[in-house]
Each structure stands twice: as structure tokens, then as C-alpha cells.
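Number of protein chains: 4
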Amino acid sequence: MSDGAAITMIDELDGDTLHEECGVFGILGHPEAATLTALGLHALQHRGQEAAGIVSFDGQQFRAEKHMGLVGDHYTNPATLAKLPGAMAIGHTRYSTTGEVALRNVQPLFAELEVGGIAVAHNGNFTNGLTMRRQLIAGGAICQSTSDTEVVLHLIARSRYTNSTDRFIDAIRQMEGGYSMLALTRTKLIAARDPIGIRPLVMGELDGKPIFCSETCALDIIGAKYIRDVENGEVIICEMQPDGSITIDERKSTNPQPERLCLFEYVYFARPDSVVGGRSVYVARKNMGMNLAKEAAVEADVVVPVPDGGTPAALGYAQQSGIPFEYGIIRNHYVGRTFIEPTQQIRAFGVKLKHSANRAMIAGKRVVLVDDSIVRGTTSIKIVQMIRDAGAKEVHIRVASPMIFYPDFYGIDTPDADKLLANQYSDVNAMAKHIGADSLAFLSIDGLYQAVGGEARNPKKPQFTDHYFTGDYPTRLLDKDAETAGSKRSVLAAGG
Amino acid sequence: MSDGAAITMIDELDGDTLHEECGVFGILGHPEAATLTALGLHALQHRGQEAAGIVSFDGQQFRAEKHMGLVGDHYTNPATLAKLPGAMAIGHTRYSTTGEVALRNVQPLFAELEVGGIAVAHNGNFTNGLTMRRQLIAGGAICQSTSDTEVVLHLIARSRYTNSTDRFIDAIRQMEGGYSMLALTRTKLIAARDPIGIRPLVMGELDGKPIFCSETCALDIIGAKYIRDVENGEVIICEMQPDGSITIDERKSTNPQPERLCLFEYVYFARPDSVVGGRSVYVARKNMGMNLAKEAAVEADVVVPVPDGGTPAALGYAQQSGIPFEYGIIRNHYVGRTFIEPTQQIRAFGVKLKHSANRAMIAGKRVVLVDDSIVRGTTSIKIVQMIRDAGAKEVHIRVASPMIFYPDFYGIDTPDADKLLANQYSDVNAMAKHIGADSLAFLSIDGLYQAVGGEARNPKKPQFTDHYFTGDYPTRLLDKDAETAGSKRSVLAAGG
Amino acid sequence: MSDGAAITMIDELDGDTLHEECGVFGILGHPEAATLTALGLHALQHRGQEAAGIVSFDGQQFRAEKHMGLVGDHYTNPATLAKLPGAMAIGHTRYSTTGEVALRNVQPLFAELEVGGIAVAHNGNFTNGLTMRRQLIAGGAICQSTSDTEVVLHLIARSRYTNSTDRFIDAIRQMEGGYSMLALTRTKLIAARDPIGIRPLVMGELDGKPIFCSETCALDIIGAKYIRDVENGEVIICEMQPDGSITIDERKSTNPQPERLCLFEYVYFARPDSVVGGRSVYVARKNMGMNLAKEAAVEADVVVPVPDGGTPAALGYAQQSGIPFEYGIIRNHYVGRTFIEPTQQIRAFGVKLKHSANRAMIAGKRVVLVDDSIVRGTTSIKIVQMIRDAGAKEVHIRVASPMIFYPDFYGIDTPDADKLLANQYSDVNAMAKHIGADSLAFLSIDGLYQAVGGEARNPKKPQFTDHYFTGDYPTRLLDKDAETAGSKRSVLAAGG
Amino acid sequence: MSDGAAITMIDELDGDTLHEECGVFGILGHPEAATLTALGLHALQHRGQEAAGIVSFDGQQFRAEKHMGLVGDHYTNPATLAKLPGAMAIGHTRYSTTGEVALRNVQPLFAELEVGGIAVAHNGNFTNGLTMRRQLIAGGAICQSTSDTEVVLHLIARSRYTNSTDRFIDAIRQMEGGYSMLALTRTKLIAARDPIGIRPLVMGELDGKPIFCSETCALDIIGAKYIRDVENGEVIICEMQPDGSITIDERKSTNPQPERLCLFEYVYFARPDSVVGGRSVYVARKNMGMNLAKEAAVEADVVVPVPDGGTPAALGYAQQSGIPFEYGIIRNHYVGRTFIEPTQQIRAFGVKLKHSANRAMIAGKRVVLVDDSIVRGTTSIKIVQMIRDAGAKEVHIRVASPMIFYPDFYGIDTPDADKLLANQYSDVNAMAKHIGADSLAFLSIDGLYQAVGGEARNPKKPQFTDHYFTGDYPTRLLDKDAETAGSKRSVLAAGG
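Quick note, the sequences are listed as chains A, B, C and D, same order. Position 401 of the first sequence, counting from 1, maps to 401 under the UniProt record's numbering, and the rest follow consecutively. Position 269 of the second sequence, counting from 1, maps to 269 under the UniProt record's numbering, and the rest follow consecutively. Position 17 of the third sequence, counting from 1, maps to 17 under the UniProt record's numbering, and the rest follow consecutively. Position 485 of the fourth sequence, counting from 1, maps to 485 under the UniProt record's numbering, and the rest follow consecutively.
Hints are computed from structural coordinates only; laboratory data are not their basis. Just so it is clear, the structure is predicted and the values come from calculations on it, not from any experiment. A few of these clues could be false.
Quick list of in silico lysine-lysine cross-link-like pairs, DSBU-like style, CA-CA up to 30 Å [stated by the list, open to error]:
1) A/K354 - B/K83
2) C/K354 - D/K461
3) C/K83 - D/K225
4) D/K354 - C/K354
5) C/K354 - D/K83
6) B/K225 - A/K433
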């Protein structure tokens, strides 16, 4: 029974995508809190496939279940849910950015405080997590995990305030970065979003009971009603009263700043049926494709989406351009493992395990391939190869977002800057040649802003977080300035 | 170590689909025969997710690996493939029709004969399997599995011929039904298709080495070339000669009859990128949608596919009707397990685990839902409910195949006739009301024939197998006439 | 889910012991037949640790559970036993002699016959198993396992008799060798022992219901009463009558021959608390030690048993010689796995994982080490080394059985003849030197006969089976004469 | 991947024994530190079968492997040991007293301090653990485990000293109770024993490299040399110097007090081949049996040990009394799981799964049963029942230790006082009747003292820890006085 044992993951193609680290879900006052949390996390599975945890409180005791793997691998077991009684629960599904893969890093994390227990889960990343951790260790704190979330727990434990809400706010005021956070105490469910609202967090209700979750799709799966987004810099405290009623207290943790949601939520992370910041993600993506068709038209016979990320944009591109939309690439639903490649290598092997060319829609055709983004470009090369092998006359790549030049520090796992395609070639034609495409075009930053928010980028006061495209980081970067991210690793590597 | 132990399956919605039982793959003369077979089976995974087996021969010894679960769960392990040396292999991926779930039923099955070992794998079902089994047991044969394939092995073992090819042909001549079969001996790879070619089987080659597989998509994944379909009633014997060359001997097992491929391969089973009987499955499905739009037009704002089966037909419907195609239903890729439903029931629960309504494309809209087929209708009810809950103004269902009235006996797992929606209501309006749709229409049988083959059904000499729609069974049904299918079960239920 | 997957075994030291292959247990008419069978097999676990299987019949259906590993690993699970309903069951625990390790070889084996199903389990080995298998395959039979038991099933299936009892007797009359066999039909529990009774089999009863099992210890664990040994060449048929009563029919399968029980059952295999052939195994072993003390006295300070086999003999030796009996070697109860030896090798490493020297009883002492038998001698070398390292002044080995010169063909897994210590050295002094002992002595064959049966060996008509010591095989050896045992392996190696 | 998942344990009979919680092992400067630690823990397996952990340091990074189950279940895997590189390691095998069963409680525990990482493992229990934990939480510390060891880590982390040795000593000075403790820093292996030396700890060496372990048997298995016992109240700091040499610094953590080793180490816990406090455990146990024979003689035919604890004492009893020693009870080596008892109950069921009566040595005999101790007496009842069922004429129980009246707080898991047999009956005859024995006698406290140390108990200054017999606790009991042990439980119950 190892706690770092074999993990089943849904691999993305060659790691040539960006990873979001987490989804969160919490509910207060519902008799089947853990069951609903499991369903909510299942709907948020796309935000993290590495591990999932749930903590519940039954009036007497906090209970935790944490498991490596998909939500459906464990929380479909009635025995597992039976171990999570109570009307209050928070849950977390994760892809790791900081912190190695080990069960003790799986959230929610829990601490027994003098004022009672507290469990915390968050999506995002602190830009001063390492700095704070060092200060805490110097002050005699023991860090059991390598997760930034534990830093918050320590700050809560060491706060001079007596009330758990005050301690929580005291703690998050010391943290910088992008985060959406949920906390569970013996009577309260607390939700908080970072000062500029980089990561999303919404509030809903089911039978009058408050729910918080990363995306609206987690409300839909359980038939809950969307109320509003948690605002940037806001803390909402829902408390179960002795008479069974629930009070809701809305506060600000910081002085108001303009909200800047992460654009990549619209480009790639959020589920298309979610509504983020009041905007349909699906509509935003179709708009990206439409704007791309306006900006980068090409004569062609067929518009083919690169599944699944590029599909809405491809549909938008097709509708705008009038070129027929066709499934030129078929996705194999049974992915997840890396098969062994024969010695006699197969062209585009990695891609073929997951996708196949639909020859009838490709052969002899001029194909526009629409993808959501290009990170390293390694997958694009194989896809073009596969499309050409299927007989395409021309292959034109259209990317529904701008070129990526800069790393992220707010919860998105980006490769080293020099691995990014955009940093390897000076112009788009060289990139097209590298990939093997007849032409290549990216959506402009203004095209993206307009697709999402209706207006072009305001360079003085950008409406969204967009540093991966522009280098304009929305906060200072304390840890990064202090040292390299590599030293963030704990010296205990726990395999088991 | 149980041989009937826990199985991970990709559940279909409520079992409200038809199941195909098998995919087969075989290759002769290639140094990485087992690795290529594993890849081929992965591409055929949609034909059976219950178990997969591979038998190889290395010049000295036959080796078998059989595992419950997906191909990728086991055959991605180098240690497993290392146990399958040799340049000859056949593999099988299965969904069980006859035969309970137990490892000893997983194909390929093997027998040691006086003339040497032989392994057999097949896709399809024998209509006289039970009858033959009874005769064999009366003659002192011992049946270890409950699989029909074992009957063929016994007939081979007891044949009076001395040559393995002659024994094989002698055996299959005694069997009736629909099947595509592969056999592996110490020197030969043999492929055979039933007299009217109900189940598909194609021949390809890689580096000059012959391959047989259920669909062309298994050739594509390894970069192999399609040569031709194995003909109905044909037996092809590929033999490795002492000098390393391969001879190919093409024979007929029976007198020629007209070919009648199963229409459901086009409607639902085959992968859209496969070419079956020389016809693109994707194009056939789009044609079904186009014909459906002609036959059953409706005023609407949006055409929404029921994923994934209905997607090509929906695209065809949209292109023909001019109504925009939109993703009104989003599929959750992380399915596979049945979550626990809260006591306070969630509307359309089962469907929501796998699909969600994309409200932005549904609310206030007149929706045309396009599905590939309706079996029991239980899923349709939930999908309509989910679409209405998302605010649809009208919901019109269009089904890209005719009503299903009759069970199958050739390898498709159909529910009891009285469970079929078409047998429960006398007219389509009553069905629509039952499902909750504003209207409902099915593609006509001629519309389907034209979509697939270009011509209407020839009632005297139907071009395809279509009994589920018409009751016109293409062969006699010996077992069925003799008794009920229930008694087909062996009296040994092996749980472990 | 592999059927040849990882197996947990209680390894014996370096394989330097003989292995018995099987224990059997059967009961008729008891409502908890499978539960009692599991307990009986647990008591017989020392006869085979590789796998265990149970078949029950509930009046409607035969059910089988077969699992690699110990009885306690699987049959302690209520869910597993619940899958074995009915008042009739037979079970088997095995160590393989013939037949590779694979679940499909685990007994009981089952066949559906025209006259109804039959399950068979046996302990022992057929000396004409291979010869019969060849005849059967030539006659068109398909062998799915590599177990000799399957040969019996085929003979039953092909018998010209109509009654299952007659078919069973017809089948075993064709088999030669040493065996104790149980069969279960829809109404009968049949027990049979080979013509000279090499392998043991006893009959007992619980609440008036008949039980058969390999040793009396399996009766003791469930509080059942011992009735008598099944006689050599006897077949006992217990039949459940329609009125619920049980009839017992005792027959002879062959002409009476004198019984010759295997001496190794007394020397090593049987549990000391069992009564075999009417003689207490424990008393027999103590007698061996006493006779050894008479035959091979030595001046010493302490008698130390080599655990656990040598313990009763050591006690006998001590009581006879007057030298104190002491635990000079302590057994580690947590064995089972082979630990990794450090590069800097540890003396007597393999032995130390399982035993340790009790220095307080060894240092400065003249030690008599008493062991039950010596096979290859590799363990003896390490034990002497360990005892010397603990400070022994002298080490004298006394072995409570004669030297082993010849292989067995009746169910005991013996190493190749040239690996046996007795065949490597011409005299006992050379052996002592090889092992590192100050002296070495073996019990004489007459000393052994007297210990077990009270009388010296009758060379013309030996009272026991003793070929491993004498070369006097009690039956002809058809397979061995026909060819080497190596070719007995099937050409299908099923890893999964 | 749960961290609280299914655990395989070697159950003791009905829980009717006392449990020791831990064994520890550490080595400094040996290239195969982890491999040797695994072997040492295997030899200490009897001290804790629930879980085992090893932490190593390779000069760069600490690595941890922790697994539920036996040492041999995991640390025999080369891949697991490969994850533990470095020349320094400490390991721990545990049976839990305080702290629930969960992987995060498995030792060694680790903390990253400002002065570098430290790993700690201990055997024993703190009598002020809960009190200290409360103080720490009030001071803002976060406790992730429910293990007392974590308290020590926090005290080290918060110590005002800068040097790790000083911090360690500062921390253990604040703890009360019985413990043997090992710590590993980047350069040091530190060993410490509680002020009166309740729990054992010895020092050895292999190739000049220092080793510490709970018992000498862990030295024997790897061929290491015993140097001396760590003294009570002593701290030994072994440090790796930059030049590769090792310095050894011996200190006192407290003012000297007389040593009082726990008597139960001699009675039951330690392995018989170990030397504890300079005395052979085996010899001490034989002495107990001899003294018992003097104190409580009885006319009988045979002395039978209750395996395995009672065996050496039984041998002593037999040698002293002249009554023959015989194996009247045979132990089944394949225990570990609880089988299902038939509805029709089996007499002495629980005992029979593990032991069986050797009827040949029992029937018609007057039997002296010698056991090491009686806790609740539930097992004794069943054993007497089994012996009587086997035909014993008389059954006399002789217990080689005094009656147990009081619970332990130093690492032995004792049942509630009212469950102890000695507290349920006023005199030994009533107990004998309750158990079903013809007579019953316990060794006197002086008899025990003499057996172990040669002298009777000095009531003013007892030479050993013996409160379970006498009520004379060797330290104050802060936690117990403050409240009940029940409230020691954390409010987080982590199932996964």
C-alpha cells in the first residue's frame, strides 16, 4: 500500500498542451454533501485528472478520502462515500503544478487548530508560496506536504485572531498570486477568490443550500442553480446556525482592483458548456474561430477541427468562411495508455493512438486545420503528417489564440520558455515550414479579446490576464525573483 | 487471482444501445506481430470493450495472453508483449453475446491437435452453435468454455482430413450464421467470412506481410495498406514457407451467394473513418442525415447531434436543411463508472454523467436532435428532458435509421423484442409523446439503403442484412427454432 | 486480469525440499458444503500452496471458484463462498507437478457430459498420463489444460457406459500411477484410490454426512469424525437420493493388490497430527528419531531440530539418547518472500531469512542437528554454516530417513537424479565434508520401516512405496519409458 | 490509490494477546543502507505487522517508502529499494497503539527544518504525548498525523537550539514515557533510550559501520556484531564526517536513574534468540518454566506447550519436572485470515484455524499446558476445549508469568482493565473453572524476577518495569491523569 503508487492518467498528446491544476467544489447544509461533491468533481474532471479528495464534517468529526486517479475510479464506490457522512463537504480534483505527485499532497488539506479543525482546497498558484514556506520553517513550522496549500494552513494556525473566519482572511491576505479557495470548518463553508480574479469560482444553490465550484458545469450535473460569480478579492462565509438555518456573510479581503480573468480559461481550460465571467465559453470559442476566419482567410475545401479543443473554433471558422465543416480527424475514445511503438516506426505514431485521419474527407482536399492553441508544436507536426499521408492536397493551420511566449505562475503548467514554438522561430512562415503546413496563422490578441469580451485589448488596463501572450504579468512574482522554481522542491521525495 | 474478477467497462447509457461483440486482427511474417496486433485491436476497441486476447507462435511454441478489460489496460505493458514472441499472431477484442464473462471464454481459443496447434478467433455468431455443441457432447467432447468458437475447434479436431486447412474448411462448412474468422497454425494464417458476408473482414499488408482485420481503421493505425475485402464465403490461406516467403491461397468455402453486409455496421458499429464494403462509413452516415432531412424536414433554429453516434448524420442533416449545426450537448470524456445518485433524485441523472446540455445553444431555441438509432428509448427520454431543462423551445428528434422491431442472431446483442421501443407503440406520435419530443421521425428503409449503397432496397434480393428493421433473416435459425436461447448457458458458472 | 498472474508462495528454502502436489476434500449433503470445504483445504494447505479451487452443485448448477494463492487468501471472503451454494462440494489445493502454473490448470476440473456435469480433483500422478493424452488427441479430443486430470475427464466423456459411476470406473481403470481422486456429479460424491494406495485418502462424517479428504487433520478442523481409510483400489460412491437420504456403495476398481503407502507421507508430507494408514504421523516421526539415536549415536551436549520437519524426530532422538532437546534454531514466522541480498554477501543468507541460530543454546556446544531428510543438501550447508558461526564446537547431522537416490513419478516433485546429494558422493563421510558437518548419518531403510510399521522391510513384498530410497518402483512407468518428462509440456504457454 | 486501504495482518487469536507497537533499525555509512534496513526490519517483524517504513538520505535528498503490511510484502521488491539510495537509513515496523491506522501515521516521520531535514522513528509510548500535542496546537502547530512521534518533530522544529543534536535532546527531554528512538539527519544517525530504559535498543556494527536496532536478532540476520545495549537515558550521536569517517558521541539526556527494562520483553515480546539487557530471552523463558515447575508441580503424563509463546517455558517445565515434553498442539503455518465459521458452529473454531490437537499425544493423558501469559482468557477456554475434545484425561494450565491486573502506557496495547481475566475472578480456582481446566497456576512475581535477573523483586527499587502485574508504574502518567485515553483521537478520520 504505497501512497505514491501507480497512477492512471489520461495522457495528453506528448505533453504538448498546457495543464490546469485544479477544480474545487463545496456545499453546506445538504444531507448528501459528499455524494453531490463527487458528482461536482466528476464534472470538473477536465481541470485535473491526477487525484481527487473530499473532506466532510458530520457534526462530530472531519473525514477525508483522497485517492490518486479519476473521480470515477473511487468515488463511485458506495463504501467510499459512506465514509464521508455529514451535510458539509469540500472536494478537489487536481493536476499538480507545485508539489510532487504523492497522496499526502492531494487536497483538501486539513489541520486541527485550537479553534477546531479546518480543511482547505484551492485552485491556482501562489507567487510567494516558497518565500512564505521558508519563513514558516524558520519559525519552527513543519511542512508535511510540498503543496502551497499547506502554507495557508500554517498561516491560519499561527494567526493571532481567534475566530476562524478572521484567521482565514488574515492568512490569504499574506498570499499573492491567482487562486480560488474553499475552506470548511465545523460550521462554515468559506469561499475566496484572488484580488484580480485570475482563477474562476462561481456560487450556486440546490434546495436553498449554498454551493461553490470552479465552473457552472458542476452546478448543471446536479441540477443546481447558478447564482453569481464570486467576485475578485471577495470572501463569502456561509455558516450553519444552531437552528439549522444558513447565514451568508460577504466581505472583501482586499481593496478592490479591476478583475482580470485568465484568458486561457476561455481558450482551452473551461468546459465549453460552462459560463465563465458571465460569458459562454462555447460562444467565445466560436467567436475566436470567426475572428480567425476574418483575420486569416484561405481558399480551401474543408474545415477540420483538431479534436477536441479546436472543435468550436473550427465550427466558427466554417460558419464565417462558408467552407464546409467536416470531421477529418476521428478521435479514439479509448485512450489513456501509451502503447509500445514497433521498432519499424509508424509515422505520426503518438497521434494515431488517439486520432485517425478520416480519409474520405481529406484525400484530394485543401484542408484548414483549426486548433485552439500551439504550445511546443510537436503534436502539430504529427497531425499534419497524418493529414498529408491521408492524401490532403494542402494543409493550412489556423490557431484560435495568439502565439505563446511566456510561462505562467498562476496555476498553469507551462514548459520552459525555450521549448515554446513561438520562441524558436522568428516568423510564422518558419513555423509553418517546421510544422510542415502550407500556411499557419494565429488569432491576434485583439481578435481574442473581442471574441471573449467584445472589445479590443486596453493596453493600459487590460481586461484579462494574458501574460503568456504579452508578458504582462498581473502581479509581482516574489518567488521567481527570489530564485529559480526548481529549488521549490522539498528534499523529501516520498515514494511511498 | 480470479479469472472472472472485476472488469472495467465503458458503460453505454443505461444499456440503451446495441452491442457488437468482436473485432479481430491477424498478421503473418512480421517480426513484431504481437505489438502490431495490440495496436490493431486498440483501433478496433469500439467493437468490444470487455476483454482482449492475443495468441502468437514463435516457431516453437504458441503463447497466449488474455485479459479482461481494454486493450490499453494490458497490452501497453512491455512485459506482456514480451511474452508473445514470434512473427505470427492473431488477436481478438470482445463484447460477449453468447458465453458468460470469464477469462476462459476470451478468444483466441487454442487446441493442440495431432497435426499441431491451432488458435481461432471470430467476430459474429453461429445460428447452429448450440445444436452442434449438443452433438459434440453426445459424441464425448468436453467443452471448457461457453463460447461458440470452441465448437469450431472441436469440429477441426474431429475432422477426418489430415491437413489443417482442409480441417478448417470442413469445420466452418458445418457452421451457420454470420462470422468473420481468423485461425493461426504453426505455418498459416487463415481468414474466412460467412457465406453472405454479414460481418466485415478486410485484407491489408505491411511491408509485404498479409494482415486481416475487421475494419480498415486497424490498418490505418499501423500505416498498413488496404488490399481488398475478404469476400463472402471466401477462405484465404496465407502460409509461411520454409524459405521465408509467404504463399496466399484463395478458396471458396461454399457456393457463391450474393453478399449481404449488415446495415448496422454502417448505422452504428463501424468507426466513421473505416471503409466497409468499399464505402466510407462517414459518408454513408452523412447521407443518412441528408436523406433524413429530405424525408422529415422541420422548422428549427439548430441541429444538435446526440454524441457521438449521431454526429455525422446531424452534420448531413444540417448541410441538407441549411439549419445551423451546433454542439448543444457536450460529452464528458471521463465516463466509465456509474456514480451514486443522491436520494433526492437528479433529473436525467444517468445521461448527465456522460453528457451535458450546452445551454447557450439550447435556451429559447427550436432544436432538432439527431441520433443514429433508437433501441429502447430510455436514453432518449432523459436527453429530451435535459434539453428541455436547458430551455429549449421545441425538441424534434430525427433518427438516422428505421425503427428496430426484431432481434439479431449474428453477433449483435439486442434486448428482448418487447423491450424495443418500436414494439411498444403503434405509431410514431405515441412514441414521440412517450419520449417527450415535439416530433419524432425515423429514416425510411429505402432512405437508409440509398444512403449506404446508392439504391433503394430490392425486396426480392435485398442488398444488405436488415432483419432488425424488416424481419427478413438472411439465414435459417436452427438454434432458435430448436429452443430458447436461455438454455444455451452451460451449467458450470465459473466465478473464479 | 491475467490468469497466470503473480502468485504469492511460501517458498521453501532454496527449493531444497520435496513437494507434494495436492490435497483434496469433498462433502455430500451438508448445507454449508463450500464453507466446510474451504476449512478442510486450509487444514491441507501444507500439501499445496500454489492454488486452490472448489466446485459446488446446488441442485441446478455447478459453480467453480479457482484462485492462485493460499486458501486463506480467497476463501475467507464471504462473497466468494456465496458464489458456491449447494450441499455438495469438492475442493483441491495444489502444488503443480505436471502442468504449468495457470488458472486453467487449477482443479477441480469440470466437464459437461451428455449424462450431466462432472467435476474431478485428484492428488497424485499418472504414470501413463502423457501416453493417454496422445491417444485422445489423435482421436480428436481437445485438451485445454496441461493437467493429467483432464485426461480422466476425457475418458469419462468418451466412455461407452451410460451411468456416471460406470464411466468413472471405466476411466480410472485405464489410468496407472498413484492417485486419490474425488468426483462430483449432480447427485454423487465419488472417491477412489489407486490400486496399491500410494497416496492417502480418508473417509469421515459430520452430522451423518460423508466426507473424503487427504488427511485426518481436515476432519479435525471441522469437528468431523474419522471413519476409515479409503482402501487401495477402492471406489466409494455416495449418492444423494430424492428423499434426501444418502446411500453409500463400496466397490473395487481393480483386483486386490497389497497396499503400499508412500513412506514420504510419514517422513515429510503429512501433518504430524494426522493419522495415515491408521498410524500417528507424529509417533512415526518420533520413532524415526529414536531408531536413528540407536543406529547413529554420538556424544553431544544438545539435540537441535531443523525446523519444522525435523522437530518430532529430534525429540525422539533426544528422548532415546538422553541428550537435552533444545531450540537451537528459531524460525521466523514471517517468511514467504525472497529478500534482496546485499552485494557484500551475508553468510547463510537464504537460511537466515527463515531461521536464526539461538546462540545461547549453540555457543561452545557439541550439537546434534536432526533433519527429516536431505534432498540436494544445499540448505544443510547453510544451516551448518549458521550453527558454526553461532559458536558450535561440533556439528553432527542425523537424518531421520535414508539417502534419496531415485526420482518419484507418483506426485512428488523431485529434482533431477544428478542433483540429489546421495548421487554426488560415494560415501557418507564425503557428504559430511561437503556439508561441513563433523559427522553425518542417515536412518536405515529398516529403521524407517520399523518406525512406521513396526517391522523391517520385506524385500520380496515391501509393505510401503519406497523407490526414492531403493529404486523399487511399485508400478510400471509407461510415460517415462516412452520418452522424457520434458516433452510432456503443452505447446501453448498461456501467460494470461 | 487509498492510503487507508486494505491491510493484511497476521491476526493473533481473538486479540487475546498483548501487542508491542514497534521495531526500529538504523545504519550509518553503509552503501546498502536501505537493503540492510529492510532485512533488519524483517527480523523485527514480530514487533509490529501493521506497516513498515524506511527513510534514506543519499547526500542530496531524503527518500521515504512507507507501506501497510509486512516488510516482505514490499521491501523485497528491487524497485522499492532502488528508490531508497544512500548510505544512511532508518526504518520502522509498527503495530499501532496511539494513532489510527493510516499511511500518514507510518513511521519514520520526516520534517524539513531550517537546519535541514530530520526523520524520526520510535518504539514505545509517551505518557505526556497528548498534553504536549495540545500545547503545540495552541501554539499554532499543525499536526498531520495522530502519531506521538510527530510531537517530537514539532519540538525539534521549535527548539531554540541551532544544532540538530541539541534540538533533538531538547525535544526528548520534554517527553515522558518509555521509548527507544532513532533519528536521521543529513549527516547523523542518533539513538536514544528513555530515562529508565523501558524499551530495548542495542548497538552493533557491520564492517565498522554503526547500527542500532530493537533486538539483537536484527544484527544476526545481516551478520553484524553486537557491541552493547544503548543505556537508559543515553543519547548516541554517530556522525559522518566530510572525510568519510564516522565519529561517535555518547551523552546522557537526563540524570542517571536505575534501569528498569520491561518484563514483558522477556515474557512475550522479544524473539527467543535475542539477547535483551545482556540476558538470553530463551534462557529466561526456560527459567520461567523451571521456576513454574518448582512453584506449581502437578502429576501428569505430558507437558504440552501452547505454541509458540509457551514453548521455551514448557521445555523448562518438562526438564525440571521430568514429565515428557510433547507437541500436543500442532500449529498451522498458513494463518493470517479469519475464515467464515459455519452456522452450525464448530467447537473451538478460532483456535482450530491456527492450532490443532495432536490426538496421539493427548488422548487418555493427563496434560500440563504451558502458556506464556493469560490476558483475557478467551483463547485459553478454546484451547482447553480442543484438548479435552481430543481425549485428555486431565488438563492443567501453567502460566509462565503472573496475573495481569493493570494496563500499560509505554507501548503495549492492553485491553480495558475489566476485560483482563485476573480482574474478573477473585481466585485462581474460579479462573480455572471458567477456563475449564482441572487446575491453573501462575508464576509468582519473584519467580519471574529470578528467572530473568537471578534475584527476587526488590520492592523498594524494582529491577524491572512490572506495573501490569503490580500496579507500580515507573513514571508519572500525565495524559492519563489529565483525561481519558479516548479523547486522544484526532477529529480527522482519514480513510483515504
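Unmet hints by their number, sorted upward, for this structure: Hints 2 and 3 are the ones this structure does not satisfy, whereas the remaining hints hold.
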